[in-house]
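In the numbering used here, the protein residues as written are 8 to 901.
By construction, these hints were calculated from the structure, which means they are not laboratory data. From the three backbone atoms N, C-alpha and C, an ideal C-beta is built for every residue, glycine too. One should not assume that every hint holds.
Cβ-Cβ distance ranges computed for the label pairs, FRET-style [unchecked claim]:
1) Ile-36 with Leu-14: 53 to 59 Å
2) Glu-318 with Thr-350: 18 to 24 Å
3) Ile-17 with Ile-190: 33 to 39 Å
4) Ala-366 with Lys-310: 55 to 61 Å
5) Thr-892 with Met-562: 53 to 59 Å
6) Thr-350 with Ile-17: 52 to 58 Å
7) Ile-96 with Ile-211: 57 to 63 Å
8) Lys-889 with Asn-756: 39 to 45 Å
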Amino acid sequence: MKRRHLLTLIIILIWSSLLVFFFLRDKYIINEHVYELALKDAQKSFNKDVIYRKWAAMEGGVYVIPSDYTPPNPYLKVPNRDLETTEGIKLTLVNPAYMTRLVHQLEIDGNGVKGHITSLNPINPNNKPLDWESEALQSFDEGKSEFAFLDEKESALKYMAPLVTEKSCLKCHESQGYKVGDIRGGISITVSYEPYLKIANTHIRETIIFHSIIGIIGFIGILSGSTVLGRYQSKLMDEAVKLSESEKRFKFFSESANEGIVIHNNGIIIDCNKALQEICGYSYNELIGKNILKELIHKDDLKIIKQKIAEDFQESYEINGIKKDGTIIPIEIKGFKTIFEGTEVRVASIIDLTIRKAAEQELKTSEEKFRVLIENLPIGVAMLDRDLNVITVNTMMKNIFPKSYDQNKYKCYQAFNNTELAHPCGDCTIIETFKDGKSHSLERNIINENGTRFLKIVSSPIFDFEGKVVNVIEMVEDITAFKEMNEQLQKSEERHRLLADNASDVIWTMDLKGEFTYISPSVEKLRGFTVEEIKKQKPEEFLTKNSLSHFTEGMKVIHQAVAEGKKFPDVTVELEQPCKDGSTIWTEATVTGIYKDDNTFIGILGVTRDISQRKEAEESLMSYSHELEKINEELVLSREQIEDTLYEKNILVDQLEGTRIKLEEAIKQKDKFFSIISHDLKSPFQGLLGLTNIIVEDIEGLNLKEIKEYTSLLHNSAESIYKLLENLLEWSRLQRDMIEFQITKVNLNSLVEPIIEIQSQNLKNKNISLENLVSNNLYISADVNMVTTIIRNLISNAVKYTRHNGSIVISAKDKSDSVEISVKDSGIGIPQDMLNKLFVVGEKTSRLGTDGESSTGLGLVLCKEYVEKHNGTILVESDEDKGSTFIITLPKLS
């Protein structure tokens with residue numbers, strides 16, 4: 008009954024909605040029709056204006072008698088604008104635009120239709136466009152043929168169309184740049200919308216009456232139909248309720264199931280539940296009608312599922328399914344045949360095994376990790392069941408009980424005792440753990456093939472999901488070595504205690520608070536106080552005032568060292584301490600730190616001994632020392648006279664020694680100089696003499712080409728000798744301090760560029776690229792001539808030892824107080840055994856260049872001398888056949 012009433016209400020609402028819809032549609036059509044009428048009237052008015060305007064344009068305008076309404080057009084700049092007839096009547100020319108504006112004025116005064124001729128570039132200011140007219144004119148430039156809209160504020164329809172320039176228009180508008188076909192403006196029409204609204208409202212009232220009548224008839228029909236339907240519905244209610252309840256039960260079980268359920272006929276899906284939609288990633292509508300075999304089952308498993316369906320196989324089996332996004336998932340499927348709506352179908356349940364498979368793999372991985380962990384533990388581990396059977400055991404457990412497990416004794420008490428014992432141990436921790444679910448531990452010793460062993464045994468429970476103990480993990484640690492070490496430690500402590508108690512020196516320990524933690528009994532013999540009395544004393548009580556400051560400073564040092572994680576140095580200090588009888592005693596305390604193996608601080612260890620007798624001896628020595636000082640004072644005068652004489656003698660000896668050293672150095676430099684001359688000048692002169700000998704003996708038989716070749720060789724040989732002599736003389740002057748050393752401000756880039764220019768021809772001959780990366784703003788404090796010689800030698804060497812098509816890079820880095828200059832080449836490099844000899848005088852380091860260029864071997868020696876003159880450094884980095892980099896540092900301009 009309620010459903011019928013609800014259905015009736017819904018139909019009434021639908022019928023009402025349809026009435027409203029059709030009324031609104033008819034109202035919209037009426038308004039559109041009225042708008043079209045107004046638009047057509049505006050178009051007619053525009054076309055009328057265009058027609059008489061065209062006629063006027065064809066006639067070249069119309070002459071009229073001037074009047075107040077039609078004065079001469081001041082904006083018309085054409086000949087014969089004003090004429091006078093033979094009868095003396097004055098006429099003025101009315102051009103088409105002027106005529107249109109006058110006609111529009113008459114329309115304003117008459118029927119309410121307003122026209123306006125306008126342009127974005129009007130000659131007459133009165134033709135200036137309104138805002139909406141400007142928008143319309145701009146739309147014509149964009150290709151629109153007309154512009155119209157309903158202005159609800161003014162209750163008027165506004166329309167505008169363009170005016171196209173014709174040949175007759177050029178008479179007035181050619182001066183504005185218009186051509187035939189251009190849009191030069193337009194005519195706007197404003198039509199009052201009030202008459203049209205009256206027409207629309209009349210039709211709308213008629214529509215309301217019509218729809219109201221139709222609505223009443225419809226409501227009567229709906230109510231009558233509802234009554235008839237109610238009678239018929241009551242007959243079907245019982246059957247429908249039964250069917251609905253059945254469907255509800257099936258739908259409930261289907262939708263509540265976690266597994267996907269599908270009904271299909273020969274693979275075509277008829278129905279399915281929500282779980283299947285979630286498994287496959289399809290919606291319900293997407294699944295209905297799909298072929299489950301083609302869409303949801305992987306192609307490799309189609310043969311299997313078809314065979315199972317053909318056999319009506321009703322057990323579960325695993326295959327691979329396919330989701331909507333193409334993901335392959337493992338599924339478990341189970342199906343059976345049944346009748347659905349009179350047709351034989353197959354119902355199948357599908358379970359997504361992805362999570363289960365992942366869990367199984369995770370469990371397998373976890374078990375493997377657990378197995379590896381257990382197997383590698385340094386203690387014995389075994390897992391036991393409630394009957395005390397050993398389920399699993401690791402290698403360490405087998406090592407602890409090797410014979411037992413080799414004989415397959417898998418009852419834990421048999422393995423422990425290495426016997427056929429028929430009952431558990433009396434102190435069994437495993438049984439206790441099974442009883443209360445808690446961990447238990449004990450220590451016991453056993454005797455087996457490994458001898459007597461001390462074991463620590465811990466039993467821990469393993470619970471199931473219900474919290475019940477299902478297994479016990481037994482962990483066995485061999486603590487024999489620990490027990491033995493602990494026993495030895497106790498014996499050692501006892502020996503040390505006896506030693507400390509019976510020593511004459513006082514042995515004590517102290518914490519960082521300055522409180523004693525241990526004092527040997529010998530302290531009572533030293534100061535008269537008992538051990539307990541000493542432990543209660545503060546530093547100001549067991550030290551005199553003068554000694555307290557030493558203690559305080561020492562404790563500060565110890566505190567700082569401990570805070571920084573460092574060991575404080577051992578120290579020995581003399582202290583004055585009060586005794587119980589009121590006297591004081593001098594003692595010597597040797598203090599050190601006590602640390603663990605990992606250097607963790609534990610406490611302070613000290614040994615204090617009585618030094619009273621030593622102090623008395625020191626006082627006696629002090630007395631003797633005072634007497635000796637008096638005797639020494641009497642001998643001071645004679646000793647001073649002797650010392651003066653010896654001082655003057657020593658000065659003369661030092662001067663002679665300095666002269667001797669300088670002379671030996673000069674002899675060494677001379678020997679080096681002559682060694683270089685004898686070696687390096689010999690070869691060039693031999694070549695020079697050989698060439699001149701050839702020319703002298705065979706001058707008449709030589710042709711011009713041969714003479715040119717020999718003279719070129721002579722020139723190169725002479726140039727080589729000149730460079731060698733130049734370097735030799737430069738080095739010689741440096742050794743004798745004959746070179747003036749003048750420090751000035753030097754722009755490094757300005758110094759490098761001329762040197763590069765000098766080498767330009769050599770670079771061109773070998774096709775070597777040279778890149779200067781030295782900044783224009785980099786300055787150094789240096790001797791210009793010396794730095795020029797250094798850079799020239801380094802660049803010359805780089806060119807000399809670089810192959811054709813190689814590269815050289817000169818760069819400089821601004822350091823904090825210096826400038827680092829480097830010359831890098833891609834040349835032949837320097838052998839490792841020669842690197843240490845490059846800057847040593849007399850060493851043979853000269854080599855021919857890649858084009859046979861000669862070398863003196865003295866250039867780098869000179870560079871080193873000049874660099875060191877500036878307190879700089881020079882070094883070389885080189886790999887043979889890969890190139891070299893020479894790096895020098897010079898002072899930065901301060």
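> If you check the beta carbons of Thr-892 and Met-562, does the distance land in 53 to 59 Å?
Replying inline: 57 Å, holds
> In this structure, is the beta-carbon distance linking Lys-889 and Asn-756 contained in 39 to 45 Å?
Replying inline: About 28 Å separates the Cβ atoms of Lys-889 and Asn-756, which means 39 to 45 Å is violated.
> Honestly, do Ile-36 and Leu-14 meet the 53 to 59 Å range at C-beta?
Replying inline: 32 Å, violated
> How does the Cβ-Cβ distance of Glu-318 and Thr-350 compare with 18 to 24 Å: does it lie in that range?
Replying inline: For Glu-318 and Thr-350 the Cβ distance comes to about 21 Å; the hint holds.
> Between Ala-366 and Lys-310, does the C-beta distance stay in 55 to 61 Å?
Replying inline: Violated: the Cβ-Cβ distance is about 29 Å, outside 55 to 61 Å.
> Between Thr-350 and Ile-17, does the C-beta distance stay in 52 to 58 Å?
Replying inline: Check failed, 34 Å falls outside 52 to 58 Å.
>> Taking the Cβ atom of Ile-17 and the Cβ atom of Ile-190, is their distance within the range 33 to 39 Å?
In response: 58 Å, violated
> Ile-96 and Ile-211, beta-carbon distance inside 57 to 63 Å?
Replying inline: 58 Å, holds
In this structure, the earlier hints numbered 1, 3, 4, 6 and 8 are contradicted, and the remaining ones agree with it.
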